[in-house]
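Heads up: the sequence lines are chains V and E, in that order. Counting with my numbering, you get residues 76 to 524 for the letters of the first sequence. Counting with my numbering, you get residues 1092 to 1533 for the letters of the second sequence.
Read the hints as simulated data drawn from the structure, not as lab findings. Glycine included, C-beta positions come from ideal geometry on N, C-alpha and C. Be aware that one or more of the hints could be misleading.
What follows is a set of in silico ranges between Cβ atoms, one per label pair, in the way DEER data are often shown [stated by the list, open to error]:
no., chain 1, residue 1, chain 2, residue 2, range
1, V, Phe236, E, Pro1106, 33 to 39 Å
2, E, Glu1524, V, Leu286, 28 to 34 Å
3, E, Ser1110, V, Phe511, 51 to 57 Å
4, V, Asp311, E, Gly1148, 52 to 58 Å
5, V, Ala254, E, Tyr1163, 28 to 34 Å
6, E, Asp1157, V, Phe511, 21 to 27 Å
7, E, Gly1392, V, Leu506, 34 to 40 Å
8, V, Phe236, E, Thr1127, 17 to 23 Å
9, E, Ala1423, V, Ile199, 34 to 40 Å
10, E, Pro1106, V, Ser455, 45 to 51 Å
11, E, Lys1397, V, Val503, 27 to 33 Å
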Amino acid sequence: MDAWWDDVFAAYALNIDDLWRRTICTAPSFPAGDHIRRKHRQRETNVTNEAKATKRGAPKEKFNFFQDQRVRSVLYQLLTAGIIGWMVWYLASNTAHNLSARGMNTGFGFWNVSAGFDTDFKLIDYTPGIGTYGRIFAIGVLNTLLVSFLAIIVSTILGFFIGVMRLSSNWLVAKVALAYVEIFRNVPLLIQIIFWYMGVFSVLPVVRNSLDLSFGSGWMTLNNRGLYISTPLPGDLFWLTPAALVLAIIGAVLFRRHARKVQNETGRQINTLLPSLAAIILLPLAVFLATGTPLAWDMPKLSGFNFVGGTSLPPAFLALLISLSIYHAAHITEAVRAGILSVSKGQSEAALSIGLSPGRVMSMVVIPQAMPAIVPPLISNWMNVVKNSSLAIAIGYADIVSLFMQTALNQAGYAVEMVGMTMGFYMVVSLTISFFLNIYNKRVQLVER
Amino acid sequence: MAMIKAEKTPERSAPISESSVIGWLHKHLFSSAFNTLLTFVMLYIIYLTVSGVFSWGVLDATFVADNRRECYDNSLTGACWAGVIHWTNNIFYGRYPREEIWRINFGGLLLVLWMAPLWMSRVKGKVLVATTTVVFYPFLASYLFSGGDKGFFMQIMVAGAMTAFALNMANLLAGLFRSQGLNSFLIKALGQENASDKTQRNILLLLAGIVFGVAFFWQMGQTLQPIVWTKWGGLFLTLVISGVGIASALPGGIILALGRRSKLVIVRVLSIGFIEVFRSVPLITVLFMATTMFPLFMPEGFVLNKLVQVIIAVVLFNACYMAETVRAGLQAIPKGQYEGAHTIGLGYWRTMRLVIMPQALKYMIPNIVGSFIGLLKDTTLVSIIGLFDILGMLRSISKDTPWLGLHKEPLIFGAILFFIMCASMSKYSRHLEVKLSAGRTH
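Produce the entire structure from the sequences given, and follow the hints as far as they go.
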């Protein structure tokens, strides 16, 4: 009985298969057909031996080697892999030949060799002549990350602010925001960076006539050599103050949770903002005063021709930070605006009709729904901030490209390795960022369901 | 009892708060105390900015001077536009010989005329026009710009370009005055409407051949003075790099995007790897790679000039961004289109060429314009590796002895130039987007 069924089935399958091949499958690719055929093949292999024996009697199907879907796909792939492999081999062999012909160094031996040049801006200790190229790489990475991190924060805040301005009901405010976006988006970033560097920070007063940005206290001064900020010097019991701050923040969070719980259970609203703010400000302040103000300031002082002490930020850093922030804020503005507009008007109307104040409508109804639309472009903007910080090379800020890929490469000459390491750094950064973006996207999608 | 009014109530005009200027002002500027405050703050900010910029840039500015000292003598607080005006030719054409500048202008004019039919609804055969632009114009332009001896291949291409241009213009006229394609116009003019298709085709080919022959023999006697690429510069060089960049990035992007969506594993993995690598690094590193590593990649003795290196880098970089644009366009095509194409027995390439791409490309146009804007802005980076594009020229003004230290004015001039180009293009792309999405039914 079973054998009989299998027999019929095999014949059926064979016919269908043959039909496909003769009529439609002459086209090189046919996903639907391929799918069905594969299914039938599977069934074909399931038939018993007896059925296979009877199959011999059926007309033999014509098998055209180059018309077969799978053969073709394997061939195409082998061809592609072959061409790419050959290209890689060709380039690599040329490179190896050229490197040896020019007597250039290869390998990563430079990592522990000391570099002979100095940089004007570094976050870790480094002495020219002693510090290694490995250290130079680390300085470059840290400088890039520092300026990108700060620019990301500033541009995001500025972008959100102007994005809300752009949607203001006040016509003038909206148009001013529009003008900001259009002007800064349509001018190349490089021109903006050079303008801030050459046109603003290089024409500031000389050191003797520094501008005081802190109303005469000398806490923060600006001149054509950069921005000088005094550095806090923590005393003995200073660690208690940040500890108190952390404690106050934890307390505020717990209080907020409690308030939310009370509201959920009884509907009574507790004002959390004022008490939390008071705790966060007053508690650390009280601890700070009680421990006897254990904080001194290392003020930048004019000695000779330059300032000594404090922290100094070079003009190139400031120019890069400001132009990156302004340029990307204009892009983020558009992302924020598009995200808010993507929330349907009915949502905010409904929220208003149940008596929420406009501020609450924004913070509790519109923004939470707009976030899934805002975050992906926002993060891709952050990625662009990191990438665009490489334009620092035009004004000589010691980021990874100008320090490692240019200066170090010119000094040591490991072209392939150094370019590869620099590109590798950027790839790692963007892969990390897109990894977190993917996690966020998954979470948002789950919330939607 | 019902009350019915016999006459129609006269229409009342809109309340004054809705229709008048005062109503508008109240609604948009002074609707609340806070809004009123905001309005005045904004007005003050606008006043400060505009008056400051106006007095610096126009009222106190110096437009005619021979050097920076004279600018200062004229006014200390104003802009010194004289330097920029002095350098105008350099900013636009670089160090291209002055008496040959007509070649650049002529090349630009040709491109405008060549592409103009694409925007005219009465002209037929737009696909052919666009194809000839991509296939022939680059050769004609490159010969116009660089000059020198033509090899045999170049002679054919230049003659072909002239033929294509002449036919294009004739087609434009036929379209404008008769609203028909050049081919049907010619057939009608020769009275061959009733001839067979084959005869008609042969007649047209013969005519095109005659035009080609005339163009070929004419161009044999013409030789332009050779100009090395190092003399190219300014806005001209920026437009050449970004124009070649976008024109070559589009086919590259289409191939990469198809590869990324392919069912073949190896092809897909390679495409994804290539796209993601180039998208995750900054352009400047790619440019550096091009200038430091391309010489190593090439066989010994084979030297690429810097311009070609830069263009290759720009094309590779942009092809990867274009691939994502194309992919977005492909994803917007509903699945029914693929299935429909398969049902009538079209293979992969014919499905793509005849069904998917024509629809997808149409919806991609706004994004392609957007990529071109991005590319145009990014092209300023080539000044970092030592090409004298527009930014390189603007920066070298401050190194010219009479204008030593003149930084702000050239940069602002460049910013205004870029603003005009980019803002008008993005405005146009938004207009296109609205126009294209209006015709969309799904």
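Hint-by-hint comparison with the structure:
1. Phe236/V <-> Pro1106/E: 33 to 39 Å: 35 Å, holds
2. Glu1524/E <-> Leu286/V: 28 to 34 Å: Violated - the Cβ-Cβ distance for Glu1524/E and Leu286/V, about 46 Å, lies outside 28 to 34 Å.
3. Ser1110/E <-> Phe511/V: 51 to 57 Å: Holds, since Ser1110/E and Phe511/V (Cβ atoms, about 52 Å apart) stay within the stated range.
4. Asp311/V <-> Gly1148/E: 52 to 58 Å: Given a distance of about 57 Å, which is inside 52 to 58 Å, the answer is holds.
5. Ala254/V <-> Tyr1163/E: 28 to 34 Å: At roughly 32 Å between Cβ atoms, Tyr1163/E and Ala254/V fall inside 28 to 34 Å, so the hint holds.
6. Asp1157/E <-> Phe511/V: 21 to 27 Å: Violated, since Asp1157/E and Phe511/V (Cβ atoms, about 58 Å apart) do not stay within the stated range.
7. Gly1392/E <-> Leu506/V: 34 to 40 Å: 39 Å, holds
8. Phe236/V <-> Thr1127/E: 17 to 23 Å: 20 Å, holds
9. Ala1423/E <-> Ile199/V: 34 to 40 Å: 49 Å, violated
10. Pro1106/E <-> Ser455/V: 45 to 51 Å: Given a distance of about 47 Å, which is inside 45 to 51 Å, the answer is holds.
11. Lys1397/E <-> Val503/V: 27 to 33 Å: Holds, at about 30 Å.
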